[in-house]
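Whenever a hint applies, use it, and build me the whole structure from the sequences.
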Amino acid sequence: MSNDAMTSDDKQITDGKKRYASGVLKYKQMGYWQPDYVPKDTDLIALFRITPQEGVPADECAAAVAGESSTATWTVVWTDRLTACELYRAKAYRVDPVPNTGPGTKTEQQYFAYIAYDLDLFEPGSIANMTASIIGNVFGFKAVKALRLEDMRIPVAYLKTFQGPATGIVVERERLDKFGRPLLGATTKPKLGLSGRNYGRVVYEALKGGLDFVKDDENINSQPFMHWRDRFLYCMEAVNRASAATGEVKGHYLNVTAGTMDEMIARAEFAKSLGSIIIMIDLVIGYTAIQTMAVWARKNDMILHLHRAGNSTYSRQKNHGMNFRVICKWMRMAGVDHIHAGTVVGKLEGDPLMIKGFYDTLRETHTPQSLETGLFFEQDWASLNKVMPVASGGIHAGQMHQLLTYLGDDVVLQFGGGTIGHPQGIQAGATANRVALEAMVLARNEGRDIWNEGPQILRDAAKWCTPLKQALDVWGDVTFNYESTDTADYAPTATASV
Amino acid sequence: MMTNSNQRVTQGQFSFLPDLTDTQITAQLEYALKKGWAIGIEYTDDPHPRNTYWEMFGNPLFDLRDPAGILMEINSCRKTFPSHYIRVTAFDATRGVESPTMSYIVNRPAKEPGFGLVRQEVDNRSIRYTVHSYATDKPEGERY
Chain S
108 MSNDAMTSDD
118 KQITDGKKRY
128 ASGVLKYKQM
138 GYWQPDYVPK
148 DTDLIALFRI
158 TPQEGVPADE
168 CAAAVAGESS
178 TATWTVVWTD
188 RLTACELYRA
198 KAYRVDPVPN
208 TGPGTKTEQQ
218 YFAYIAYDLD
228 LFEPGSIANM
238 TASIIGNVFG
248 FKAVKALRLE
258 DMRIPVAYLK
268 TFQGPATGIV
278 VERERLDKFG
288 RPLLGATTKP
298 KLGLSGRNYG
308 RVVYEALKGG
318 LDFVKDDENI
328 NSQPFMHWRD
338 RFLYCMEAVN
348 RASAATGEVK
358 GHYLNVTAGT
368 MDEMIARAEF
378 AKSLGSIIIM
388 IDLVIGYTAI
398 QTMAVWARKN
408 DMILHLHRAG
418 NSTYSRQKNH
428 GMNFRVICKW
438 MRMAGVDHIH
448 AGTVVGKLEG
458 DPLMIKGFYD
468 TLRETHTPQS
478 LETGLFFEQD
488 WASLNKVMPV
498 ASGGIHAGQM
508 HQLLTYLGDD
518 VVLQFGGGTI
528 GHPQGIQAGA
538 TANRVALEAM
548 VLARNEGRDI
558 WNEGPQILRD
568 AAKWCTPLKQ
578 ALDVWGDVTF
588 NYESTDTADY
598 APTATASV
Chain X
1381 MMTNSNQRVT
1391 QGQFSFLPDL
1401 TDTQITAQLE
1411 YALKKGWAIG
1421 IEYTDDPHPR
1431 NTYWEMFGNP
1441 LFDLRDPAGI
1451 LMEINSCRKT
1461 FPSHYIRVTA
1471 FDATRGVESP
1481 TMSYIVNRPA
1491 KEPGFGLVRQ
1501 EVDNRSIRYT
1511 VHSYATDKPE
1521 GERY
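One line per chain: the protein sequences are S and X, in this order. If you're matching positions, the first sequence starts at 108 in our numbering and goes up one per residue. If you're matching positions, the second sequence starts at 1381 in our numbering and goes up one per residue.
The set of hints was computed from the structure by calculation and includes no laboratory data. Do not rely on the hints blindly, as some may be mistaken.
From chain S, some residues computed to sit far from chain X (all C-beta separations above 10 Å) [claimed, not checked]: (1) D227; (2) K249; (3) R348; (4) A351; (5) G366; (6) Y394; (7) E553.
Calculated pairs, DSSO-like style, for lysine-lysine (alpha carbon to alpha carbon, straight line, at most 27 Å) [what the hints assert, rightly or not]: (8) S/K570 / X/K1491; (9) S/K213 / S/K298; (10) S/K285 / S/K133; (11) S/K576 / S/K285; (12) X/K1414 / S/K285; (13) S/K133 / S/K267; (14) S/K379 / S/K296; (15) S/K406 / S/K285; (16) S/K267 / S/K125; (17) S/K463 / X/K1491; (18) S/K249 / S/K133; (19) X/K1415 / S/K285; (20) S/K252 / S/K213; (21) S/K463 / X/K1518; (22) S/K213 / X/K1491; (23) X/K1518 / X/K1491.
Reference listing, derived: stretches of chain S covered by chain X, where coverage requires no fewer than 3 residues with Cβ under 8 Å from a Cβ of chain X [claimed, not checked]: (24) 269-282; (25) 308-315; (26) 352-363; (27) 369-383; (28) 531-544.
Ideal placement from N, C-alpha and C gives every residue a C-beta, glycine not left out.
Put into structure tokens, the structure is as follows:
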């Protein structure tokens, strides 16, 4: 890979007097490029997609990212010599050209840069501290035109300093007494404008009709048309009425997102006092707030649902920001029980293989390296609980065979419009979804090829279930086929050349 | 009478479908056995949603790997408790799960009276809710 764009001739300066003479050095000269470095098991490894500025070789660019996300500043400082600076320096140790970028392609040349960080750089149990380094100043750094955090390998030693999901998939199912099938949910619509009393009506109808959960939307907090206490009180009436009507445990994700931490805790405490089994927060509240709520949830036997509001502002574009799989990792560490992670077939962004990578990250105890699903590193989850992914956005009963095939059993399938928009009402919409789901699980377990026979299985069930027939008549042909913006860049061999 | 769409307790994986036939149950048993899960048979006459511990019709059948044999056990339970709720549960002992992975009802009483909701009005507008199973007003064994 002796290519001018790849490498510069600069070498680390090892002579102390020269290295620490006042002035500006290249990051490689300062020691942030260590091609022979073998990461330790306790190192945190970050994989960045870098687009260097014109004339900056890739290895110098990677070294600069390592420097700016760890100990470096723009000029040499003698105070480094008071520290074990060799240890604290992050080490860029590998740079690969990204397949299908550079001359002859639509995209300017990008590189995957591997950077290792010593465990001592990070405060135990703090996502905020870790991210302040990894996605801190470095993202505005001039030497890189664009920068994207693609993946991270979190060492077991660091994972063990985090609580992890308050409840986890296994315990959530035990508490709900629901096994062997995806859970069903819906988001109350319209998301804004309903009074507390009208809002609770939607919740009651959907739960009684057969859903397990109903959900507040991300932007329903406490507004002039419905203050939060009203919503909580009416929703819990709905949940308990529906539970009595069906003999099942039911829940409504009460969104406790608010302007201050104190207010969020107060709302969570009220939800608890009313007997709610689940509360909800938005990603926009920030990492520390999320961790605080996860600790509260563990202490109070509460399932914690996270809506990923805001993530697409930085996760969707391929050249800059961060991949959603990294958010999945951080949220498993931070301790949420549910996170929206894509549907494949619905209205929101999602390549099937990328979504599989997110789901595996949330649900497996151990994930091997898998470049096709975007997992660059083997990851041992160190017995952190599993997070239940939530599939939401433009999905309906007619896609049940696809949803079950792509997403498996441990997922909440949320049919908002697909429940509330049913021509015969909300209960009928919920029943249609539940019948479609149970019929599909039954058929899959019987060994039938649901991918191909799915539409027939649904039509057969619709013969005795009118609500399902009506749902298929209305939505059966609705699909969202757009090209994904975020797909894996990999070639069959791990180190690809262009 | 229950007023939900199928007028019955809807716990378990398949309560929204027509009652499973023995052939259908056998197929589900085969699925579980193929996965290496153990089957347990449990019964109750208190279907309260938070009644976790139904009575065990013997220990889970860890060493019985033949679906026909398990179906015989299910039918023997049905014969002994014809008016009880009976559920089949599959247990997965894999690390990271170690919990039930399937649960479905294979027998239920002819009439299901359902549940009432008891409301205790407390501070402000808060209400403490209790789901009450009508059947449990009678003693165990005399409920259906």
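Against the earlier hints, flag every one the structure doesn't satisfy and list their numbers going up. Going through the list in order, the structure violates hints 3, 4, 7, 9, 10, 13, 16, 17, 21, 22 and 25 and respects the others.
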